[in-house]
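> Now for the letters of each chain:
2 protein chains.
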Amino acid sequence: MPSKSEHFNIVGKPVIRGDAALKAAGLAEYSADHRLPDLLAAKVLRSPHPHARIVSVDTSRARAVEGVAAVITAADFPETRTGRWLLDRTVLARHRVRHVGEAVAAVAAVDEETAGEALRLIDVEYQPLPGVFDPVEAMEPDSVRVHEEAARYFPPERNCRGNILHSQRITVGDVEAAFQKADLIYEASYATPIQHAGFTQPHQCVAGADPSGKLTLWTSTKDPFGIRRQLSQILGYPMSSVRIVAGMCGGDFGGKGSTTIEGICAALALKAGKPVKLTLDWHEELGSTFVRTRAMAQLKAGVKKDGTLLALKGRIIHDCGAYMDAVASNLSGDLANLQGPYRWAAVDVSALMVYTNNPPTGHVRGVRYPQACFAIESHIDSIARKVGMDPVEIRLRNIMRDGDRVCTGGVLRNVSAGQVLEATAAFIKRQKRPVEPNTGWGIAMAQYNIHPLPGGLQTTSAGVRINDDGTVQLLTGSTEQGSGIVTVLQQIVAEELGIPVDSVTVAPPDTDVSPWERGTGASETTYRVGPTVQMAARDARDQLLSLAARKLDCEPEKLVLAEGRILVRDAPGRSVPMKDAAREAISSSGGPILGTGLSQRKERFRRIEADKGIVDGPSYGAAIVKVAVDRETGKVTVLQCHSVWDAGFAINPANVEGQIEGGVACGLGYALTEEMVVKNGRTLNNNIVDYHVPASTDIPAIESKIIEVPSNWGPYGAKGLGEVTNAPVAPAVANAVFDAAGVRLTELPLTQERVFFGLETRGSRNSNHE
Amino acid sequence: MPSKSEHFNIVGKPVIRGDAALKAAGLAEYSADHRLPDLLAAKVLRSPHPHARIVSVDTSRARAVEGVAAVITAADFPETRTGRWLLDRTVLARHRVRHVGEAVAAVAAVDEETAGEALRLIDVEYQPLPGVFDPVEAMEPDSVRVHEEAARYFPPERNCRGNILHSQRITVGDVEAAFQKADLIYEASYATPIQHAGFTQPHQCVAGADPSGKLTLWTSTKDPFGIRRQLSQILGYPMSSVRIVAGMCGGDFGGKGSTTIEGICAALALKAGKPVKLTLDWHEELGSTFVRTRAMAQLKAGVKKDGTLLALKGRIIHDCGAYMDAVASNLSGDLANLQGPYRWAAVDVSALMVYTNNPPTGHVRGVRYPQACFAIESHIDSIARKVGMDPVEIRLRNIMRDGDRVCTGGVLRNVSAGQVLEATAAFIKRQKRPVEPNTGWGIAMAQYNIHPLPGGLQTTSAGVRINDDGTVQLLTGSTEQGSGIVTVLQQIVAEELGIPVDSVTVAPPDTDVSPWERGTGASETTYRVGPTVQMAARDARDQLLSLAARKLDCEPEKLVLAEGRILVRDAPGRSVPMKDAAREAISSSGGPILGTGLSQRKERFRRIEADKGIVDGPSYGAAIVKVAVDRETGKVTVLQCHSVWDAGFAINPANVEGQIEGGVACGLGYALTEEMVVKNGRTLNNNIVDYHVPASTDIPAIESKIIEVPSNWGPYGAKGLGEVTNAPVAPAVANAVFDAAGVRLTELPLTQERVFFGLETRGSRNSNHE
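If you read the protein sequences in the order shown, they are chains A and B.
Taking my numbering, I'd label the letters of the first sequence as residues 1 to 770.
Taking my numbering, I'd label the letters of the second sequence as residues 1001 to 1770.
If you're looking for bench data, these hints aren't it; they were derived computationally from the structure.
There's no promise every hint is true.
Claimed, not checked - With a Cα cut of at most 16 Å, we get these calculated EDC-like pairs of lysine to aspartate or glutamate:
#1 B:Lys1023 <-> A:Asp210
#2 A:Lys558 <-> A:Asp570
#3 B:Lys1579 <-> B:Glu1563
#4 B:Lys1602 <-> A:Asp539
#5 B:Lys1214 <-> A:Asp19
#6 B:Lys1274 <-> A:Asp33
#7 B:Lys1579 <-> B:Asp1542
#8 A:Lys602 <-> B:Asp1542
#9 A:Lys705 <-> A:Glu422
#10 A:Lys679 <-> A:Glu137
#11 B:Lys1274 <-> A:Glu29
#12 A:Lys602 <-> B:Asp1539
#13 A:Lys23 <-> B:Asp1210
#14 A:Lys305 <-> A:Asp183
#15 B:Lys1271 <-> B:Asp1076
Build the full structure now, drawing on both the sequences and the hints.
Here's what the structure looks like:
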């Protein structure tokens, strides 16, 4: 499919990100680089127990240490719970700790050493309580209760009981009847591990208050307005007295939308009357922040001999740990992903979120999609083998097409799953066959953004202001969380105004002045914010052309913008520099041109309403992986990785490739090495040696293929892409291991040990197929 | 006249400014309090000559000093001229110095001492040139030329020649014929001195650049966007790479809208690669920044016996010094003020701006109004005495009324000059008569904002965003330059939304993100920005009420906002907290309510066009002063001061009183003590002992009287007030001195020496009247 980028000058072309050189040269200034005079250093005291009552906290010895400016405990905060969406925790533990590493007290002092010394002098008396560490056990009626009040966290109709925080079930069609018609029924369980978001900059922030009490926090976050809301809750401060400046971010991958340390840092700064900097060390980062839920999925599928999928019964149980930071208002993502991008005659799927005394959990790239994706994509692969079909073939037979309805509701439009599979098949066809001994190929698919409008088009606004010299300020609250999204927004403005990308400046979001935004994430900024930015740029362009039309004595419709000039179409001699028109705006009306974009404008809202229930910009992708399995040691080596994704329209193909490659790296970690090992609530490997995030040397050559099936709502047809490019990688690796060694591994990561024992158990270390 | 404030809850009531407590407690953080690590200190080398050629500048010895980070000269800047409106100067002198104190080079070093040491090691070879110090002499064709290229600073039609930078003349009616009909012709000359703006915080700023080269400047300015424009010119930087954050300002009074030190500070920071702080000492502040022009006015008036004003011929010559920072595009203010707020059968008025080698000049409170005001208000007083009329009486007979046309164009509407005079008469009537010996009363009037629409309604925009908790961010680019204007804007928002003033937050303007603004000044922010803020607040309110109407199941028209609640009118039981509706907005549409106000919106612009040529919000005031004159020493003591001003509608009466009182203090300085004594281009008293700005102990009891004659365009009828509350004070003092001692002094300030010699010359130290 030819790219439509040839019609454009700037969008559709690879553009180097503005922050690339700074980051590569080590010159980038991250949030914690925000230096202030008299900056204090902070340290946090954490619980050694997975579950205990706090009998007393005595900070008197700590406060007496010279150089200590403030010591805080739960008593320094109002008695309110906080959280990103679900309010189930306090900043410092109050009366009870529920997981190892839970923050209990904190110190701000002249330097880290002094803060550390004071920390050791805080006397906390704990009364240890029995804990619960297995989510299935936690579901039993007489289990230890992690939260006494959990049932009150959600409305009663959610039927939350005991440690079951949240459960949801959807049935479509008559599942039992569908199973009756099946030629083959296949059932299996799948387990996925706890994964950390894997960013390179740990959580860190700087907080300071001015003499009037106005608090400013410089932090690396993707959601400054969300952090403001949470801080306001935590401190009992009006929102107007809290200001968040979202500094440069050294990776988010889902993990930086919530207050983890911000409440502590802010409270210390307020109490000390001086600015405070708090940085987590890797021990804390890996042992106490919000990680990906460990999950167990059970799938039972009924299929016909010809590979037609009939019935699916599925259940997934997430171990939420002690707190669930980022539970969305429903679990439809889990349920839709248990179904996969496939048609079934009937489905019966359920998802449960259960509290335990394990580490707290939250958003990590793809949220709960990779867990379900591993299950269904492994399951489909097994079924293909069982009915003797090619894995691409069976998927093509059942793949969703335009007009299909997802089990969670929403009618699909602009579905590219078929094209993704065709590109996958074409790639595999080009590979050398038969494969070498002990090597194998595996594929898996993923889907994302399959929620219907208008959910996918929530409010946002943007401004495009043309300076006197023709340079442009793009006003947006979108953060650059590391994905390159700001460059995409700059490209949209530059395209619409016919100027170079580097003439478009974007200030780091500041909650006091930037347009409100719900935070960069969910692969939705291009799709949801992009149109508003485009609207603002076009508004500015129209104003500019009206002005220039008067100067050039022609109709505005006859004018085009290119290379910083406004030209009369088909009359190359007649033109005016854009900056002259920009200056003219200021001298004639006293102010610069300001174009505005507001997603909820009436005419636009009417169009959105008309599309209600439609899934307009669903995103599909596939991973194709070649592995070698060492049958003596169980070691799996990924030899090659190919990844196909639909971008709708790739505004910045280099960015899209970056997102795909980053997703593959994340997916390979999930597949092979990343597992937070927790025993009785204690994380055993919370250090960056034993918790192994793939380094560049661990990553094979990645070949990305972008396809473009445009959406109706995205700018130039763009869709969201990036969040779940990791998801299909782990099942593809597992499927490739099966292809190479005939062993079906249903528990991630595929460590050498697991593969080795899998081969042993199977007793078929020389056979190639099941 | 009863105040209309009873219809309102928040506007029309005195509200304490948000920064009052911080400033009073010494806790306010001004721009130069912006502390950054590794901040360098800067010092500026200045010319000792009023006029000289720069033969060479050798910085090698200075650069060799340990601790010196950067030394700059004119060679470090592109060869472009800069200035606020008129581009007649460079940041550091290039080839030539034109006044004593002109900046020639600058140093940034680890501390001020090191910078000072380095400064002394910069070798500048000057070749002194003859200078010109008298503006009339400077007008002669063979005079020394201050600027070779001055004629190119303005378009040719302005007919600038030699050192005459700018001249303008207006005639209305047949002046010679009108003089023919006069019973009395009176002619006199008036001289006014150089005055400094008199703020308490000298110019200071901090500049720093990030590794990408983006420059940020924290400075106390009333016009951050103007500073950005100038810095962009000065450095040859795109505007999008320059960011100005307008920190708290310790007084502006007109003096902080231009780059004085910002270009130097920014260039040093860029060259040093570290942040730099530059603060002027008072010697520099008084000896090298832009001050009020010294002016000479000649007036010739023809009047009838009954006091009817017939003919006016007037001319004012301003000594611009070496550079004229803030010349506006025309001199209509000067010309209209020579006429005063009075009807004349015919006028012939002209104004001239002339370069000399005296200190450079620019905006100081009231710009060039106080100079003309002193002339015409002294002149009218003399005429009254000569025709034997009361000074109030003669003014009342000739005062402008609705429908009158100013000589510069523009038809007056909402004219309050008559009411101001009536309030003046009423006040005088209440005073004890006859006055004690050697004491006397004087009055004078002033007018302002008599320019016709749409000039007075230049583009501005505002946003009102309602946070989840019902607190509000007001988005505006207006700076708090010291007048309390931000409180007025907060009151407007609070009034419209029915919330407390302190729930409305305004961030300090930041050119990267704040709405564009042309800078606080000219008494126009309330009148020009206020309506846009009101529009934004009403837009937000309407959105809020629509939402609440659904919740309360009634028409939005039935709802009112008060005390943080939305209530159904006439149904007190039915209400919803405003914050619930605010939160509802976020949950229903995914984003907070954002109300926007844009002054150039089409429907509004049509209304503005319809009012073109109308002077909608003219502001009038009067000062009434009682003095005692010591006939032995010539010492003048101001015993009492009363000031009447029309606020249209006083949104914050406490603020209006503050503006009146501040204006009186400034006017008393102009009247009695403030004079920058310059001899052959050298300022002799540039220190805060010899240049005496009145302290609180110098100020008598001030009684302010606010009257309210509403404008059509200002919010709630408000007009601009503040800028020229100083203007009538000096002529009122001079008129009172005449009343007390019978001596007419036509040169300001009325120093003891001048009064003494005036009494001597008159030889009538015992007479009470002329």
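> Check each numbered hint from earlier against the structure, then list the numbers of those it violates in ascending order.
Per hint list: zero violations.
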